[in-house]
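Asker: Note that the protein sequences, when read in sequence, are chains Y and L. According to our numbering, the stretch in the first sequence is residues 59 to 635, in order. According to our numbering, the stretch in the second sequence is residues 5 to 199, in order.
None of these hints come from the bench; they were simulated from the model. Just so you know, not all the hints are guaranteed correct.
[Unchecked claim] To be clear about the criterion: a stretch of chain L counts as covered by chain Y if any three or more of its residues have a C-beta under 8 Å from a C-beta of chain Y, and this derived list gives those stretches: (1) 59-67; (2) 73-86; (3) 123-129; (4) 133-139; (5) 186-192.
[As the list claims (entries may be wrong)] In the DSS-like style, the derived pairs of lysine-lysine whose C-alpha atoms are separated by at most 27 Å in a straight line are: (6) K42/L with K603/Y; (7) K118/Y with K72/L; (8) K65/L with K188/Y; (9) K172/L with K118/Y.
[As the list claims (entries may be wrong)] Here are the simulated distance ranges between beta carbons: (10) T195/L with K490/Y: 45 to 51 Å; (11) Q480/Y with S85/L: 20 to 26 Å; (12) I97/L with K206/Y: 56 to 62 Å; (13) N140/L with M440/Y: 45 to 51 Å.
Keep in mind that this is a model prediction, so the values were computed, not measured. Virtual Cβ for every residue (Gly too), placed ideally from N, Cα, C.
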Amino acid sequence: MRNMTQLLITLVLVFSGLEKALASENESLRDLKYGTILFDYYQQNYFSALIGHEVASSRKELTHQINEAKLLQGGMTLSYGLPDEAEKIFQQLLVNKADASDDSGISDEVKNKAWFYLAKMYYHKGEDNKAAATLARIQGDIPDEIHKEFNYLATLINIRNTHLDSVEQALGGVMQGSIYEPYLIFNLAASFLARGDKDNARTHFARVIVYGQAHPQDEYLVLADRAKQALAHIEVEDGNLLGAWLHLQNVRTTGLYSNRALLSYGWTAIKLERYNVAIPALRALDQRSISIAEVQEAKVLLAHLYEQQGAPRTALKQYLLAERAFAGGIKSIESARRIIDGQKIPEEFVINLDAMMDETDWYGSEPSLDYNKLTPFLIELMSSNSFHTVLKELRDLYALRENLDYWARQAQEHRLIIDHRQQGWSSEGLKKFIGDTEQQKAQMEIQISELGLHAKTLSVKEQYRFAPLLNSMEADFEFLEKNLNKVKKIEKPYQESEKNLRWMAQLHERIQQQLVNTDNMIKKLESIMRIVVNAELDKHEERMKYYWAQARLGKARLYDKTLNTLEEDALKQVAPQ
Amino acid sequence: MTSFRLTNSCISVLFYLIISINSAYSNDQSIDFSEQEKQKTAERALNNVKVLSKEIQGLKKSVVDLNKDLQLMEEELLFPSSTQLSIFVSLDIGQFFTLESVKVKINGKQVASHLYSEKQRQALARGGVQRLYLTNLNLGKHKIVAFFTGIGPNGRPYKRASELEFQKSKGSQFLELAIVDDSAKQEAQFTIKQW
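Looking at chain L on its own, in the form it has when it is part of the complex:
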């Protein structure tokens, strides 16, 4: 959400100030170096933007709606709910572990890996959840192994793995790779939760 700083009215007061400070000395700054008609055309053009702005808002909204429908349709087409598996990554606080990368293997095959930027780490630490991977999987038993690398306590490189055997049943299935700070042990716990 937008932030404040100098308010518009104060910016215009300031602008007036720095313009007028020179005009107080010389006449040059008060000279209108422009053809009136052209400047008026430019002003009219800028005023038109206010009218267009309403249309642009409508366009943006309809493109968001279209994206929603397209995503729903595409998932239905490519990842039907009967076979769909989604893998998410979450981070709770992250005081004892700085996440650098995640690698995921399903049934022994590497299917996903991700290297995190500072912005993404911050988003995770503030409660964001990343959808890491979306795939189709047969019904039945499967095994997932997740490898986490990063910086652990005392700034040392840290590598941990977590695994889970799970049953893929009918309907969409969600797995969460959760990194949770354990204050008692002063280290992070790595788990795979089934939703």
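Only chain Y is shown next, with the shape it has when bound in the complex:
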């Protein structure tokens, strides 16, 4: 394993200094069909691109870029969510190379790319050692397109295999200035923390924050927020509440990660007995959607804080408002349950997922569609890989069904065309058509010659006017005559071969079979989606009921206190008498 690491480091370092050494391809030797596959691929239409590849391969239209096309096929297959098939394709490509002699035509570029994508796939599958071994197979120059990603992957594998010194070396060298740099630093810091090395974790989380300041794009600012929260966590663990509080002060108050940050900030301030600074943070949370767990906790906590500060009237008001909010929240959950039970909702939800996920803030805007009401409750669920897989698989299945529906409609047209061809023309029909047309032709010939004669009786000026019309008519007639002669030569009208008809019928049957299979699979996944979503809604409901009960208890406590005070006051007034 140590050797493998060293090899990886060596590769990362050696390749970093290499010049661009790709030989220019011979532009004249290219396959038009390879270009059409690329056209779909670059637009991320992997399904169409894969079909294009299959069609071109079966027609043997990929003659000049066979290996590049194979590599592309592997990449497309992987992107389309067929990792097992992609693995086979890459391995096939590489095994062919190993078996063949050096002049097999497979360039090092193609080979290296194949090793790279294979390694990347193993990494995503969690097979780190296999990924490292595969990446180490890359030899010679690294293609430009994958150079940065190669270094990144090598560093990620080193992080997973906890070769953190090598990662630090890479960060100080090849990965410096790369777009992946802050992510790698964050991953490294998290790895140090997981190993209990808090000092190094602190240093690297701080680097992520500095990076965010130097590159104030939203992407890096979100990462910096995460780093600040992580630093706060380390300080809390060390009992340094003031340190944690200082880190939390700098987390932005908008965006997905702001809820936990605000709540943590509030709690730290309470622990430090700085109640006045805790209140604004909790109030900010109090304004947000009731579907957020932190907001639910903040509502009760805020009331409790007012109570502790000796402001029973404000506390009571907050408890009452909290109760009303929880009642509304429970209603929202009920409505979310009704929505998910709707027949078409999973499909609409999955199809619109991208658009919904692109929204910066789900809490900010009022949803206009039913299924949007569902999403605030599913944020945590969305971050789970397995649920995300369900959504992705479902999205692909809906796309498959749409494709098969299209072909089912096309199948009707195919049958229509065939029926028409079979019924429309027979040898007899053809003979009759020729006879009729010949008669028409003879009549037209007479009419044209009569028109010609008539034109000759007109004045020279009129003849001059009619001449182009007559010429054009004669040209049209010649065209008709030529076509008629062509038709006359047909001995038997065209008919689809029996073989083609059988092939077509088989394909139409396959469409129906695949539609059934796809529908069954969709039903299974939709049912899983409903179970998981309902379980998540249960969790929300339980949590909300718990805080609702807390709010009721708080309210009752305050009423009791008020009653006791009134009774005590009454007793005090009675006592002197």
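Since the structure of chain Y is already known, use the hints to place chain L on it.
Answerer: For chain L alone, coordinates are given in the frame of chain Y:
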């Protein structure tokens, strides 16, 4: 091909971090707000997806195969190779011309037109080739005219046309409308290539 960013393990470390930061203060976050049995059922259901995933991969592959066969059959039915003509569009670099639309006339009749999106332009510039039009054509002489509109050098609207007389022979025929940067002239060249 998929991209990296935060690794899964680091996401889970992060998730643990932000959960635990609150549980360090209060007990509420550690309360299990769910019925164990229902959550277990949900977990089991999600685990089932891994098994189904293999079946889905098989289904996807067979639908791709079916699409291939259907496309081959449909072309045979509607566009037999004896009369088939395909028109493609390609763009080499595209530094001197931003393609906005293409219009094609065959024998004086407009048969195809296309308006390009940014995504399509990028795909063309990176080496993609678009199949613009597929049709049937009689054997013999024909004339094709292609009109290209877009933005030329200095950001000015640019309109160019290119034409070709060609002989449709037996077998499928391919025409490529090629837009190639000419660095010497600092402008794009528009040609129709016969394959």
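Asker: Next, verify each hint and record whether it holds.
Answerer: Verification of the hints:
no. : hint                           : result
1   : 59-67                          : holds (count 8)
2   : 73-86                          : holds (count 9)
3   : 123-129                        : holds (count 5)
4   : 133-139                        : holds (count 3)
5   : 186-192                        : violated (count 0)
6   : K42/L with K603/Y              : 17 Å, holds
7   : K118/Y with K72/L              : 13 Å, holds
8   : K65/L with K188/Y              : 26 Å, holds
9   : K172/L with K118/Y             : 22 Å, holds
10  : T195/L with K490/Y: 45 to 51 Å : 48 Å, holds
11  : Q480/Y with S85/L: 20 to 26 Å  : 22 Å, holds
12  : I97/L with K206/Y: 56 to 62 Å  : 22 Å, violated
13  : N140/L with M440/Y: 45 to 51 Å : 50 Å, holds
Taken one by one, the earlier hints fail for this structure at numbers 5, 12, listed in ascending order.
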